[in-house]
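First to last, the sequence lines map onto chains A and B.
With our numbering as the guide, the letters of the first sequence map in order to residues 1 to 505.
With our numbering as the guide, the letters of the second sequence map in order to residues 1 to 357.
Keep in mind that the hints are not guaranteed to be accurate.
Just some of the chain A residues that point at chain B, by a computed CB distance under 7 Å [claimed, not checked]:
1. Ala477
2. Phe487
3. Asn495
No wet-lab data here; the hints were simulated from the structure.
All C-beta atoms in this analysis are idealised placements derived from N, C-alpha and C, irrespective of residue type, glycine included.
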Amino acid sequence: MLFNSLEFIYVFLPLAVLLHFLAARWSVAAAVLTTTISSLVFYAWWKPPFVVLPLISVLGNYWLAREILASDKKAGHRIMLVGVALNLLVLGYFKYFDFLVSIVERRSPVVPDVPLALSFTTFVQVAFLVELERDRAPVVSRRYAMFVTFFPHLIAGPIVRWTELGPQLADKFRYRVDWNNVALGLTIFCIGLAKKILFADNLAPHVAGVFDAASAGMPMTAAAAWGASVAYSVQLYFDFSGYSDMAVGLGLLFNIRLPINFAAPFRATSVIDLWRRWHISLSRFLRDFVYVPLGGSERGSAQRSINLVATMVLGGLWHGANWTFIAWGAFHGVLLVANHLWRELRVSAKKGLVSSFFGWLLTFGAFVVGMTMFRSPNIQTAGRLLMAMAGFGYAQPGAPLMVEWDFWAIDHGYFSEALVKTWLGAHWSMVGTLLTAALLAVALFLPDTMELVDYREGEPRTNWRQQRRFLIWRPTASWAVAIIALFSVVFVNLNKFTEFLYYQF
Amino acid sequence: MTARSFALSVIIGASLLLGTTLCANVLTDPQGVFGVEVIARSADPNWRYLLFKQYERDASLIDGIIFGSSRAAYIDGAAFGDRIGSPQVLRFAVPYGLITDHLPLLQYVLNDKRARGEQLKSVLLLLDLDFFGKTPWTNTNINAFLPPAVSGESAVRFWWRYLTAFQHRKWRDSVRRRDRDAASMQSGSTEKDAFVRRSDLAAFPVIAIGGDGGASRSIQTAASGQLADEAVALSHRSRKSWNAERPDLARQISYLAQFVEFCRSNNVALTVATSPMSRANVEGYPDGELEALMEKLNRLTPIWDFSSPKWLADNPNYWADFSHFSDAVGLLMLDRMFLGNSSTPGDFGRLRPQLAR
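Given only the sequences and the hints, what does the whole structure look like? Please build it.
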């Protein structure tokens, strides 16, 4: 079931919330069990038989947790390692098996049919086992099941930690309706939904035209390649941050505070800062469970550079079994290394307006280049687009316009067909350019959802919030009207359901 | 305002929105699925559903079916019945109807007939070479969802969709349509067509530009007895590479193979024909593209090829509009296929024997 479907919004969600709090009148355990069952129904909506996988996974990891707690330190450590390996083995089997075989057989990999949410639940449970072995805090089976399967974060995160959610699930005061949380949760959910439906989904067809054409080997102008790559960056941001907002909003309806996953990442003026703002829960996971165990920055800058690249390659690979993701991860690893070196070389830590602007430009430009690899179906397509971005592209002579967006403006004489063909080529459009620029401005200059509502759970380690005197959310009549109006606009656009981009990972 | 009243306001607002939508959909019934034409007449009928209901009503009587797009509405069902000796023929002529619509219905009918101990005698399948392989509307457009009994979709989901779709333009059009009908009743000019109002079918966009089934940019057909105007024809021709995009071709070829096999294994007399195309329509495709497609389809079954000879393709009198041939052409096709014959010009229609696979 999708968060952006009417059956979710009008049937599943109200029922799940009502049943949770009705069961809570009986007991906390009943509420936890009820919501766990609701979450499994939510998952089963996709493919009912596949619900067996998270069930087995939850039971298996809970059994491992009990074994860890019942063992001494050394044996517990070994069990934890076995548990982590088993989790990764399952993930590897579903996600990477064919990719590895294809390398041996020297053929193109087949896109695997990965069970929904497997990547996210694997990381959640790996983090759980590692933290449990370290902290040795007791675990209750029902709460653990709800912690893993809780439907707001189940499919695409944020990647939650037992240390964050466990105490919340154990707090019996959270099992009563809190209208402050309901008001805040509904607001965040509506804003997230609007980001997905009104922004991300409207960019999608513009992006697809160019990437599909590049995949088919068609030539591309530099403007088209840059335009589509920027558009995809903006699309992915609104899609995934919209999803994450919705997850946070849904969590609040149950009085569960999920961590922030995005912190206005497009305002970052360095790559280091960017990764403190983009997909924060994944960055935290990679930092705590890959980068730090590898040695982090403790053994000098050379070792740090190796660790950074290795961590980011693994982060890239986590997104899917494709060389494009590996290249994307490695690229960001190199960018992080370069950023750290620059910081060491730099004389002054102070940033003026001009240096901030150039920092932003370089960061955003590099991010967009990375996104070209991320979105491309294969490394050849990425190469073709990157060549075009570097100025080696061209418009196919005599090719007709293959996208319709500019026809109206051409017919009305606002600009000529020749202009579009020469500069943008057959697959990118003026409309796409303007829409991308407008939505990029929204991402840059309007307050982020979490700024607007002053939500600070899992606040990233960066000074990202801007001082604002107006546009601060309060449960007032005018905000109620605004949220209802926003939801109405979304509602009329809800006839087409599109999956969230991160469902595929 | 307290947080509680804020939250309740948002919940009530959202509920009202859904409630209003439900009422509007039932009362104006834009797709005609609720059978309620109280304050409006369906502006965007789901012919797939409506014709299925017609089959359900007359199932025992029906022993022949014409499958096709809106073009098949120009083939007289009764005349087809006369020629094959069937008293009752269902004309499953649906807007942008492709094999993705026809195969599931054929399967349903064959199973249903078997359960009733009856036999479907004849099927005429009219293929549109210009649309074959393009992205179908089937189970995608709101006016093109197959009934749950045919598609296998849950009935709850099917009805939920028609209850909750926000379609204010269709609501408005449905109300306007009722007013227009009332006005034409008064002036005595109401179309007295049977169950399928052909003018409704022909009003659908039929020239797909961009290989997306006309969903993104479509050209409305001309209303009466003239070929499309020069601008439309030019626009169509200039987008040859678009028109030749057939992203769903492999699937539809496999569906056609299944269609042929189902008819064969159930002893149904199958006749497959391609619909004639106007000159302006043919010129929208790269040279040889349509012929190459014809050969692919011809490997699956014998096909009556009605590629338009010049006297037909260029003469506006034989065309209801840019895309649809006229009733007279429909009759000529039936004569050629089932009477042999005689009154039909010799260069119109030839049976192409099945090619080796």
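Comparing the hints with the structure gives:
For alanine 477 (chain A), the interface hint holds, since its Cβ comes within 7 Å of a Cβ in chain B; the closest pair sits about 5 Å apart. Because the smallest distance between the Cβ of phenylalanine 487 (chain A) and any Cβ of chain B comes to about 6 Å, under 7 Å, the interface hint for this residue holds. Among the interface hints, the one on asparagine 495 (chain A) holds; its C-beta lies about 5 Å from the nearest C-beta in chain B, closer than the 7 Å criterion.
Every hint from the earlier list agrees with this structure, and none is contradicted.
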